[in-house]
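**Student:** Residue strings, one per chain:
2 protein chains.
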Amino acid sequence: MSGAWVLGIDIGGTGSRAIAAAVTDEPGETTHPSSESHTLVGDAVQVTTTGSTTLDTAHKLIDRAQREFTDRDPEQLRGVGIGATGMATLVADPTQLLAEISAQVGVPVVIAADAITAHVGALGGAAGAVIAVGTGSIAFGTDFATTWHRVDGWGHVLGDRGSGSWIGMHALQRALATHDGVARGGGALLAAAVQRFGDPETWPGQIYTRPDRAGVLASFTPDVATLAAGGDDQARQLLAEAGTHAAQSLAAALVPSLPQRAAYAGGLFAAGEVFTEAFQAEFARLRPNATVTPAAANPLHGSVHLARMMLSKHQTLPQRAPYLWHNAPFATAWKTDDT
Amino acid sequence: MSGAWVLGIDIGGTGSRAIAAAVTDEPGETTHPSSESHTLVGDAVQVTTTGSTTLDTAHKLIDRAQREFTDRDPEQLRGVGIGATGMATLVADPTQLLAEISAQVGVPVVIAADAITAHVGALGGAAGAVIAVGTGSIAFGTDFATTWHRVDGWGHVLGDRGSGSWIGMHALQRALATHDGVARGGGALLAAAVQRFGDPETWPGQIYTRPDRAGVLASFTPDVATLAAGGDDQARQLLAEAGTHAAQSLAAALVPSLPQRAAYAGGLFAAGEVFTEAFQAEFARLRPNATVTPAAANPLHGSVHLARMMLSKHQTLPQRAPYLWHNAPFATAWKTDDT
Numbered sequence: 001m002s003g004a005w006v007l008g009i010d011i012g013g014t015g016s017r018a019i020a021a022a023v024t025d026e027p028g029e030t031t032h033p034s035s036e037s038h039t040l041v042g043d044a045v046q047v048t049t050t051g052s053t054t055l056d057t058a059h060k061l062i063d064r065a066q067r068e069f070t071d072r073d074p075e076q077l078r079g080v081g082i083g084a085t086g087m088a089t090l091v092a093d094p095t096q097l098l099a100e101i102s103a104q105v106g107v108p109v110v111i112a113a114d115a116i117t118a119h120v121g122a123l124g125g126a127a128g129a130v131i132a133v134g135t136g137s138i139a140f141g142t143d144f145a146t147t148w149h150r151v152d153g154w155g156h157v158l159g160d161r162g163s164g165s166w167i168g169m170h171a172l173q174r175a176l177a178t179h180d181g182v183a184r185g186g187g188a189l190l191a192a193a194v195q196r197f198g199d200p201e202t203w204p205g206q207i208y209t210r211p212d213r214a215g216v217l218a219s220f221t222p223d224v225a226t227l228a229a230g231g232d233d234q235a236r237q238l239l240a241e242a243g244t245h246a247a248q249s250l251a252a253a254l255v256p257s258l259p260q261r262a263a264y265a266g267g268l269f270a271a272g273e274v275f276t277e278a279f280q281a282e283f284a285r286l287r288p289n290a291t292v293t294p295a296a297a298n299p300l301h302g303s304v305h306l307a308r309m310m311l312s313k314h315q316t317l318p319q320r321a322p323y324l325w326h327n328a329p330f331a332t333a334w335k336t337d338d339t
Numbered sequence: 001m002s003g004a005w006v007l008g009i010d011i012g013g014t015g016s017r018a019i020a021a022a023v024t025d026e027p028g029e030t031t032h033p034s035s036e037s038h039t040l041v042g043d044a045v046q047v048t049t050t051g052s053t054t055l056d057t058a059h060k061l062i063d064r065a066q067r068e069f070t071d072r073d074p075e076q077l078r079g080v081g082i083g084a085t086g087m088a089t090l091v092a093d094p095t096q097l098l099a100e101i102s103a104q105v106g107v108p109v110v111i112a113a114d115a116i117t118a119h120v121g122a123l124g125g126a127a128g129a130v131i132a133v134g135t136g137s138i139a140f141g142t143d144f145a146t147t148w149h150r151v152d153g154w155g156h157v158l159g160d161r162g163s164g165s166w167i168g169m170h171a172l173q174r175a176l177a178t179h180d181g182v183a184r185g186g187g188a189l190l191a192a193a194v195q196r197f198g199d200p201e202t203w204p205g206q207i208y209t210r211p212d213r214a215g216v217l218a219s220f221t222p223d224v225a226t227l228a229a230g231g232d233d234q235a236r237q238l239l240a241e242a243g244t245h246a247a248q249s250l251a252a253a254l255v256p257s258l259p260q261r262a263a264y265a266g267g268l269f270a271a272g273e274v275f276t277e278a279f280q281a282e283f284a285r286l287r288p289n290a291t292v293t294p295a296a297a298n299p300l301h302g303s304v305h306l307a308r309m310m311l312s313k314h315q316t317l318p319q320r321a322p323y324l325w326h327n328a329p330f331a332t333a334w335k336t337d338d339t
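Taken in sequence, the protein lines are chains A and B.
Position one of the first sequence corresponds to residue 1 (the UniProt record's numbering), numbered consecutively onward.
Position one of the second sequence corresponds to residue 1 (the UniProt record's numbering), numbered consecutively onward.
Bound conformation, chain A alone (with noise of 0.2 Å):
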């Protein structure tokens, strides 16, 4: 496969991915799947005592992508589109990151906090507002414009309101508390953590030595969502809490300001219909006459397109801190003489 060309990197708290695709610069147009590449798995990111290491794991795709991509002509890499998880929070200096990885690739880049990579799969670029609901929980509503409105992505300690790090810490906290002898109703949930931890005597050695807490923590939600199609009360019961946090992020990004359309994305919207039946419901009741669809297309897929956007003659791409950094005029030479 020949001509120009864009790679999107996706950065996760459980794993990371790069993407090859055609440029296209059709406004609205969020996936080409027949014109991608593979897809590369890389490293989850870590949050340490000495920051993330979101920066090594960009260099280490690029690296990847330029050799292990051979159907794709190097000098034709147009633009990179990176969406990273804490980049509003954690990351401590993004146009660093930008400085560093420019410099890599010696073509523009853009990187953004993955609400954003998330909200351009979904929507493709139109203002509205996403949620995003794994490991954490994370909504945002933007017309990348004027309106850039986050809620929550604040960690499983602060927030993350909904997502499987949420409901498998109130879980585990159920169980206890059950097992403490202070709490009653959470045996069958106390059974499915001995059988998933061990002895409950084990599971804070389990949890507060590992860099990841959130991703074991959402490790149960599995077995949550199981107990609730089961008919388990303490299970429904936090799975449809889950579902009305989710529902009353998504409403408090679609400020009244934006067009009324919200879409959701992520693994809890497949933990089962307690889950989504109150996200629904609680949705409806506080956004009427809003739209809510599933995402288009997931948030590696929105690292493309938000490269495409930058590079796109039709639109132009706000600089907007701590959200979205980019340097498209860098060496945009190309985007005259090319098209």
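No wet-lab data here; the hints were simulated from the structure.
Incorrect hints may have been included.
Stretches of chain B that chain A covers, calculated by requiring three or more beta carbons in the stretch to come under 8 Å of a beta carbon on chain A [what the hints assert, rightly or not]:
| no. | segment |
| --- | --- |
| 1 | 163-171 |
| 2 | 180-191 |
Beta-carbon label-pair distances, calculated as ranges [to be verified]:
| no. | chain 1 | residue 1 | chain 2 | residue 2 | range |
| --- | --- | --- | --- | --- | --- |
| 3 | A | GLN104 | B | ALA270 | 27 to 35 Å |
| 4 | B | GLY267 | A | THR291 | 50 to 58 Å |
| 5 | A | THR291 | B | ALA321 | 58 to 66 Å |
| 6 | B | THR147 | A | ALA284 | 51 to 59 Å |
| 7 | B | GLU68 | A | ALA103 | 48 to 56 Å |
| 8 | A | GLN104 | B | THR202 | 47 to 55 Å |
| 9 | B | THR147 | A | GLN96 | 35 to 43 Å |
| 10 | A | THR291 | B | GLY185 | 24 to 32 Å |
| 11 | B | ASP56 | A | ALA99 | 36 to 44 Å |
Virtual Cβ for every residue (Gly too), placed ideally from N, Cα, C.
Using the hints, position chain B against chain A.
**Tutor:** Just chain B, lined up with the frame of chain A:
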């Protein structure tokens, strides 16, 4: 000062301490302030991805005690009592810890969960239940024979219901839900949290990258207590919920087979009447026939007294993993020779 003495050590998440005291063998005697040394202050124990620093912290304090307690004759040291956080859940091999510390000091050593030393300090070695509510929260009911019932102490992610970290975490969650536009009424909590931690988007970086997350969360609790004292509804509600949680944990630890005697300790009981009134009311509701008093002495004194209990001719201190380990038969010739 001369004569036989014991060393008591308390190892916690926010600091550690050591104290020397005369050996006594009077049953029921808890503290002898007049015979105690000054207190050495050491490191906070850290929980990292490779385990905890309990052994290193203990080694350093013992080394300092042997050098700095110049009025004690090192040859007259008879035993060491240690209470440490996370013994039941985070220290990989307590018997190894016991062996290494014994090798250092050459006298019997008793190591216990901090819930046990809190209990011994609070009730002087008598049967009953004790709760300690500070950065974390743990309750324990025991008769030092057949009943050993631990409640909570699971850490800020899994429990520690009603503790300083629990209050701080929930207060920050409410502040962020208000910031997100999802909840109302948390305006005062949000303002106080911004005052202490700055822009909300910096909070995840201040918490997730820190090894002492629970301590950072608990550092917000005095602000919550101040707001509660000033009448803020959400702050009052949080402190009342916390007091109720503490009472429920203490009541659960005071199992029917124990004498209905309870005590409480920890900084939260100085956090204002909203907490203490909710605690007293809920405990009286759950255990109307129990007595409940402030702790007679703190966990550091409890570690001294635990060493005395180990050495006493009047009682036999059992071993009870994962709460209590000792090697009293170790080098006890002095016990018959010397008394």
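**Student:** Need the list of violated hint numbers for this structure, in ascending order.
**Tutor:** 1, 3, 8, 9
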